[in-house]
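Residues per chain are reported as follows:
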Amino acid sequence: MRTTNRLLTALVAVAAMTLAACSSGGSGAGAGNTSADASGTGAGSTSPAASGGTGSPTTETGTPVSGGDLVIARAADALAMNNTNTFDNNSIFVFEQIMEPLFTVTDDGKGTKPWLATGYQTSDDGLTYTVTLRQGVKFSNGDPMTSADVKFSIDAATATGDDGWGYINAAIDTVTAPDPDTVVFKLKYQWAPFIADLALFSNAIVPKDYDGQSADEFYQHPVGTGPFVWDKWEKGKALTLKKNPNYWQQGKPYLDSVTWNVVPDGNARKLQLQGGQASIDEYPDWSTMDDLKATSGITATTFPSTQLTLLTMNQQKKPFQDVHVRRAIAAAIDRQAIVKAVLFGNGSAANSLLMPGVPYYDKNTKGIQFDESLAKAEMAKSSVPNGFSTSVLVRSGDSTQASVAQILQGELEPLGIKLEIKQLDPTAVKTARNAGDFDMLFGGWTMDIPDPDEWTSFAVDPKGGAHADYTWGNDPEIVKINKEAQQTTDTAKRQELYSKLQSLAAEDSAEAYLYYSPYAYAWENKVHGFFVTPLGNYHLEDVWLSK
Amino acid sequence: MERFRFIPRRLLQAIPVVFGVTVIVFFLIHLLPGDPAQAAMGEHATAAGVAELHEKWGLDKPIWTQYLMFLDRLIHADLGDSLFYRLPVTSLVVDRIPVTLFLVAYSVVLAVAISVPLAALAAVRPGALRDHVVRAVPLVGLGMPQFWVGIMLILLLAVRVKLFPVGNYGNGALEHLWYLFLPSLTLAIAMAPIIIRSLRASMISVLSADFVATARSKGLPRRSVLLRHVLRNSAIPTVTVIGVNLGYLVGGTLVVEKVFGLPGLGGLMVNSIFNRDFPVVQGASLVLALFVVLIGLVTDIIYTILDPRVRFR
Numbered sequence: 001m002r003t004t005n006r007l008l009t010a011l012v013a014v015a016a017m018t019l020a021a022c023s024s025g026g027s028g029a030g031a032g033n034t035s036a037d038a039s040g041t042g043a044g045s046t047s048p049a050a051s052g053g054t055g056s057p058t059t060e061t062g063t064p065v066s067g068g069d070l071v072i073a074r075a076a077d078a079l080a081m082n083n084t085n086t087f088d089n090n091s092i093f094v095f096e097q098i099m100e101p102l103f104t105v106t107d108d109g110k111g112t113k114p115w116l117a118t119g120y121q122t123s124d125d126g127l128t129y130t131v132t133l134r135q136g137v138k139f140s141n142g143d144p145m146t147s148a149d150v151k152f153s154i155d156a157a158t159a160t161g162d163d164g165w166g167y168i169n170a171a172i173d174t175v176t177a178p179d180p181d182t183v184v185f186k187l188k189y190q191w192a193p194f195i196a197d198l199a200l201f202s203n204a205i206v207p208k209d210y211d212g213q214s215a216d217e218f219y220q221h222p223v224g225t226g227p228f229v230w231d232k233w234e235k236g237k238a239l240t241l242k243k244n245p246n247y248w249q250q251g252k253p254y255l256d257s258v259t260w261n262v263v264p265d266g267n268a269r270k271l272q273l274q275g276g277q278a279s280i281d282e283y284p285d286w287s288t289m290d291d292l293k294a295t296s297g298i299t300a301t302t303f304p305s306t307q308l309t310l311l312t313m314n315q316q317k318k319p320f321q322d323v324h325v326r327r328a329i330a331a332a333i334d335r336q337a338i339v340k341a342v343l344f345g346n347g348s349a350a351n352s353l354l355m356p357g358v359p360y361y362d363k364n365t366k367g368i369q370f371d372e373s374l375a376k377a378e379m380a381k382s383s384v385p386n387g388f389s390t391s392v393l394v395r396s397g398d399s400t401q402a403s404v405a406q407i408l409q410g411e412l413e414p415l416g417i418k419l420e421i422k423q424l425d426p427t428a429v430k431t432a433r434n435a436g437d438f439d440m441l442f443g444g445w446t447m448d449i450p451d452p453d454e455w456t457s458f459a460v461d462p463k464g465g466a467h468a469d470y471t472w473g474n475d476p477e478i479v480k481i482n483k484e485a486q487q488t489t490d491t492a493k494r495q496e497l498y499s500k501l502q503s504l505a506a507e508d509s510a511e512a513y514l515y516y517s518p519y520a521y522a523w524e525n526k527v528h529g530f531f532v533t534p535l536g537n538y539h540l541e542d543v544w545l546s547k
Numbered sequence: 548m549e550r551f552r553f554i555p556r557r558l559l560q561a562i563p564v565v566f567g568v569t570v571i572v573f574f575l576i577h578l579l580p581g582d583p584a585q586a587a588m589g590e591h592a593t594a595a596g597v598a599e600l601h602e603k604w605g606l607d608k609p610i611w612t613q614y615l616m617f618l619d620r621l622i623h624a625d626l627g628d629s630l631f632y633r634l635p636v637t638s639l640v641v642d643r644i645p646v647t648l649f650l651v652a653y654s655v656v657l658a659v660a661i662s663v664p665l666a667a668l669a670a671v672r673p674g675a676l677r678d679h680v681v682r683a684v685p686l687v688g689l690g691m692p693q694f695w696v697g698i699m700l701i702l703l704l705a706v707r708v709k710l711f712p713v714g715n716y717g718n719g720a721l722e723h724l725w726y727l728f729l730p731s732l733t734l735a736i737a738m739a740p741i742i743i744r745s746l747r748a749s750m751i752s753v754l755s756a757d758f759v760a761t762a763r764s765k766g767l768p769r770r771s772v773l774l775r776h777v778l779r780n781s782a783i784p785t786v787t788v789i790g791v792n793l794g795y796l797v798g799g800t801l802v803v804e805k806v807f808g809l810p811g812l813g814g815l816m817v818n819s820i821f822n823r824d825f826p827v828v829q830g831a832s833l834v835l836a837l838f839v840v841l842i843g844l845v846t847d848i849i850y851t852i853l854d855p856r857v858r859f860r
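Top line first, the protein sequences correspond to chains A and B. For the first sequence, our numbering assigns the number 1 to the initial residue and increments by one for each residue that follows. For the second sequence, our numbering assigns the number 548 to the initial residue and increments by one for each residue that follows.
Please note that a few of the clues may not be correct.
[Claimed, not checked] In silico PhoX-like links for lysine-lysine, alpha-carbon gap of 25 Å or less: (1) B:LYS709 - A:LYS547; (2) A:LYS381 - A:LYS366; (3) A:LYS526 - B:LYS709.
Just so you know, these hints were derived from the structure itself, not from any lab.
All chains should be modelled from the sequences, with the hints used to inform the complete structure.
Have a look at this one:
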């Protein structure tokens, strides 16, 4: 019982955090999501790709050379450097270069690999993890990293609870440091995503007691083991990090410094890249991708991500309790048309609740795809065979949502469904969503850890804190499978459970899955070794500039 | 310094204007639907934060008390905190004033540098082909939207031929001159046609004035007549034209700073609108409006320097 209660607490925390992280029904939820709200969401920004993703490391010719200053043009500034309670991508991408976790995400985004640790052992009951630390790792201030620093960092992250990423650590009972190179984690219950959780940036290692400062002081210019160290930040303009001479990976980083310049206008970013003022455009607008691809000396590409955009139907409102209505709507949507209109062809139609970059994603999930005859058949079987009037909320100023809503309006008309598009201020959309005062709205998600549970619990469990992603749906069978998958450590068994969950959730159509969008990036060809994982992280210690 | 006596009076006259500006800025937030504190705190508002702002703004008090409280905060240079940057708005705004000031001044200098020779060229032979060309061609600049002109200049002079940087501000005065050349030229192109037309017209009328004939007849070189006598006397109406158009120029910085990614007031305001960072929008509007008021005053001062006969009451 106790376990269950704690588990529930964790789930509630997941939900609470997601409220914070995913903010509204915006299309741009993010690996630390809120950034999307600020930077004008959607198409231009964080976007993941699915099959369309061609993400490959930048042209690998020649041996890396040291030196050079990398300039990245980005849509919006970072917000804060505290890795334990910051949810926004623009901040995360920066502090990940300063502070590193014990494990990190593999390039395919589906697993973890040792980073500041060299490995771990699990006890037979799965409740104790003994982690061995890497030898010779130093903080940028020259102090060696020890197990005491790890204990301090993980405990500090856990302590943020609902106000930060602490919920991620809800399974941790105690952290002990029996000797300088060993850390022992005791869990409250078996928890499959544990190592994935340790790989999250919120569990990055900082010096014990913040090197004698208060947390606030420390995070003004944080210190870590990462390839780069703090230099300066002119808020709203530019943030610069410089090379960490004490970095534990011999010979890295290659760059002398990295500067993120804030250039909110997509066209201005494109021009700065073409003019050689920036070497990387962090968020090329989809509308500028073709132009960038055609520019000689510039590579514009997409990396597979974990971003899903979906249509949420509120089952508290008539007639969405009727599964046939939901299925009819899901079948009426021409996802390819949306991908073409909104992502300029970059991205792909969504078939599942999970995204292609997420472990246990099942590409064989049939889902409900565009099928006019199925849509008509489902409507005929429904409680409202002659159609009905309903509405969809759109965040004002979000052109992506507005376009999708218009396409939707046209596609539902033949079914006799009259769709009213209600444009509301983003704050008002959020309020309406939380209160359940809407018919339909657009939602989205990107993953932060290489484990599906972060999202599935939020999306299908009515006790996940957000009424099953604001659908107010409750399918006991799906909820049961999700709980089983959480506490199963056997990979094959988990795959079986998550495949079943994806299939059942698609049939239930509590939400219509719309599209997967990739991360778009563009860079000058003199940039080498730049790569983005499906969770959005990039490792700048591998990046070098050819002369 | 007798003739500068008008300045204190002008300052007094500016008070109602400034007052009006503060009223508009104050009421901006009340135009938003719902609770102003909720609107100002944005999407991530916490109940405690909203309650605190309620207290600070006195939202339970009558509207005029709220306005007085707003003025009180203004006098103490307290424009609130940016929701996005988590910094005091005052420091954000003050930090960006130099960029916009530099941009506006540079634009005027460029506009004048373009206009004076062209206007003189046209005015000396009114009706000649060159007069028609000078009158017609710059008008194209007036008709083109600034964002487009800016992008074209970037494509031409920064991307195709890498003569100038695409954006940013640079470090130090010399770099500023280089970095801000294209944005200033963009603004100057829009302003020059107006100056040219006004200057040309007044030069033509001054050229036919008696004192010019006198100057010529006493054998002064043509060049000296044109510069010392004609230009100076034609400048007065032109200064008014520039003064009036500076207001539009300040508006133009919003577009140009965005296109060139400049860290100025206009860019800050546009970004803050997109970020829904209400306190910053309020602060930037206030400062930009005061900017325009100040420009009016400076125009008057330049007037009296150019023409000692001008007396303001």
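Pair hint outcome, LYS709 (chain B) versus LYS547 (chain A) [Cα-Cα no greater than 25 Å]: Holds: LYS709 (chain B) and LYS547 (chain A) sit about 18 Å apart, inside 25 Å.
LYS526 (chain A) paired with LYS709 (chain B) [C-alpha distance capped at 25 Å]: Given pair LYS526 (chain A), LYS709 (chain B) holds - Cα atoms ~17 Å apart, limit 25 Å.
Restraint check for LYS381 (chain A) with LYS366 (chain A), where alpha carbons must lie at most 25 Å apart: Holds. LYS381 (chain A) to LYS366 (chain A) sits at ~21 Å (cutoff 25 Å).
The structure fails none of the hints (numbered hints given earlier).
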